[in-house]
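**Student:** The lines below spell out each chain.
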Amino acid sequence: MDGIDDLMARCTLRDQRAFAELYQRTSGRLLAVALRIVRRRDWAEDILQESFVSIWHHAPEFDRVRSAPMTWMTTIVRNRALDWVRRPRHETAEEDLDGLAETWVDEGPGPLDRLTSEAGGRALAHCLGELPGQQRQSIALAYLHGLSHSELADHLDQPLGTIKTWIRRGLEKLRGCVDAIETGGRAT
Amino acid sequence: MKITDPKARGMLAAEYVLGTLWGGARARFELWLRSDPGLRREVAHWQQRLEPLSATLEEVTPDPSVWAAIQRDIAPPARAPAPAPERGGWWQNLAFWRGFSLATASLAAVLFGYVALTPADHSGFPGEAMVVVMADPQTSAPAMTVAWMPGDPGRPKLRVKVIGHQTMEPDTAWELWMVPAPGQSPRSLGLITTHETQTVDVPAELRAALDAAAGLAMSVEPKGGSPTGQPTGPVLYSGQCVKI
Chain A
1 MDGIDDLMAR CTLRDQRAFA ELYQRTSGRL LAVALRIVRR RDWAEDILQE SFVSIWHHAP
61 EFDRVRSAPM TWMTTIVRNR ALDWVRRPRH ETAEEDLDGL AETWVDEGPG PLDRLTSEAG
121 GRALAHCLGE LPGQQRQSIA LAYLHGLSHS ELADHLDQPL GTIKTWIRRG LEKLRGCVDA
181 IETGGRAT
Chain B
1001 MKITDPKARG MLAAEYVLGT LWGGARARFE LWLRSDPGLR REVAHWQQRL EPLSATLEEV
1061 TPDPSVWAAI QRDIAPPARA PAPAPERGGW WQNLAFWRGF SLATASLAAV LFGYVALTPA
1121 DHSGFPGEAM VVVMADPQTS APAMTVAWMP GDPGRPKLRV KVIGHQTMEP DTAWELWMVP
1181 APGQSPRSLG LITTHETQTV DVPAELRAAL DAAAGLAMSV EPKGGSPTGQ PTGPVLYSGQ
1241 CVKI
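Taken in sequence, the protein lines are chains A and B. Counted the way our numbering counts, the first sequence spans residues 1 to 188. Counted the way our numbering counts, the second sequence spans residues 1001 to 1244.
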């Protein structure tokens, strides 16, 4: 996302116009992030609102050396969404996840194609593509839908231990693969 | 308890970011995070590695009410209200006008002294001059003078003197107002600085009203001037117009 760095830098200087533009550019993606996890539009919009208020107030503390603005903002939204679905006696919103599981397990064109438009995405897309389908699927469902190990086990109809192993092995391979690409990219 | 095994630390950080670390384990991990910069770096790396996954989602445009609510939430707290703004403002307040006349009366001597002792200023006024000595209401001491030549065609040029080395609060502006008659709404003559001598060009269409004005006042406004076209901040100085 070009220009987001500049907008965030201006937000740290309390520039409300830059903040409005930042919202305009990123709110569609961030609402999608929250909506996938909490699965109800009104809840997701509440989370988006709280997150942007927090982004505004904490912008001066944002450290661009440690993270990219989009990563920082996504983390704020995801953490709020995850806290929301994990709160005690959480009222759940029903959503059919069956179709989604398939898209991540198959090779070939799918959600991974959409990753290649961004620099960081190309490495991740390549490395996710290298994983066995079930590991890729478990990681994607956990990250995007906020599913726990046991929810994944129910959903994918696998023993809990198998799910934990898929995730752990998948993450280990992912780390090695992405870091190798990024280090290589920096060297050239 | 501390986790020292690098492999275990890396995996906990990964599962924390992925979202599969739940309940007590997540809460404990967040506690460790606070006191462990290395662990925070590990988490930041995982956030960076996985975040591009969000780009696979179709964007969802939020309802416009969300942005409206955000703007409301981040608005700075309302400033202390200006004196009785909802009922018209200080220019409709009888006490203000009473003080205004009193201050002016006590300044008559100062006024004549000022004109007589500044021949350079006087030379610019071949005929009549309008002079306003604006006083600090707390001390009744003159704080500012404004003079111009009445009846001239074209844009009136106000010669403004700020007495003493005064300072302006950051992010505020000093706005000069003409009060046409007691009870009437003030009209802006523009922003002034704290410089000792300065000239303010007034729009030609205000000429007639300015020459007949009852008095002038200077209020403290937000940077850039009053957002409403009427005084919104406190009046620092005010004075009656006198023809000499």
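Mixed in with the good hints there might be a few duds.
[Unchecked claim] Derived BS3-like pairs: lysine-lysine, alpha-carbon spacing no greater than 25 Å straight-line:
| id | chain 1 | residue 1 | chain 2 | residue 2 |
| --- | --- | --- | --- | --- |
| 1 | B | 1007 | A | 173 |
| 2 | B | 1161 | B | 1223 |
| 3 | B | 1157 | B | 1223 |
| 4 | A | 164 | B | 1223 |
[Stated by the list, open to error] Just some of the chain B residues that point at chain A, by a computed CB distance under 7 Å:
| id | residue |
| --- | --- |
| 5 | 1003 |
| 6 | 1019 |
| 7 | 1050 |
| 8 | 1230 |
[What the hints assert, rightly or not] Ranges of calculated distance between the beta carbons of each label pair, as one might list FRET restraints:
| id | chain 1 | residue 1 | chain 2 | residue 2 | range |
| --- | --- | --- | --- | --- | --- |
| 9 | A | 14 | B | 1038 | 29 to 35 Å |
| 10 | B | 1172 | A | 113 | 50 to 56 Å |
| 11 | A | 13 | B | 1227 | 31 to 37 Å |
| 12 | B | 1191 | A | 87 | 31 to 37 Å |
| 13 | A | 3 | B | 1007 | 35 to 41 Å |
Keep in mind the hints are simulated off the structure, nothing from the lab. Source: prediction; values computed, not measured. Using N, Cα and C, we set each Cβ at its ideal position, and we do this for glycine too.
**Student:** Taking the hints in turn, state whether each one holds.
**Tutor:** Hint by hint, here is what the structure shows:
| no. | hint | result |
| --- | --- | --- |
| 1 | 1007/B - 173/A | 13 Å, holds |
| 2 | 1161/B - 1223/B | 21 Å, holds |
| 3 | 1157/B - 1223/B | 23 Å, holds |
| 4 | 164/A - 1223/B | 59 Å, violated |
| 5 | 1003 | 15 Å, violated |
| 6 | 1019 | 5 Å, holds |
| 7 | 1050 | 6 Å, holds |
| 8 | 1230 | 24 Å, violated |
| 9 | 14/A - 1038/B: 29 to 35 Å | 32 Å, holds |
| 10 | 1172/B - 113/A: 50 to 56 Å | 55 Å, holds |
| 11 | 13/A - 1227/B: 31 to 37 Å | 21 Å, violated |
| 12 | 1191/B - 87/A: 31 to 37 Å | 53 Å, violated |
| 13 | 3/A - 1007/B: 35 to 41 Å | 39 Å, holds |
In this structure, the hints that do not hold are numbers 4, 5, 8, 11, 12, in rising order.
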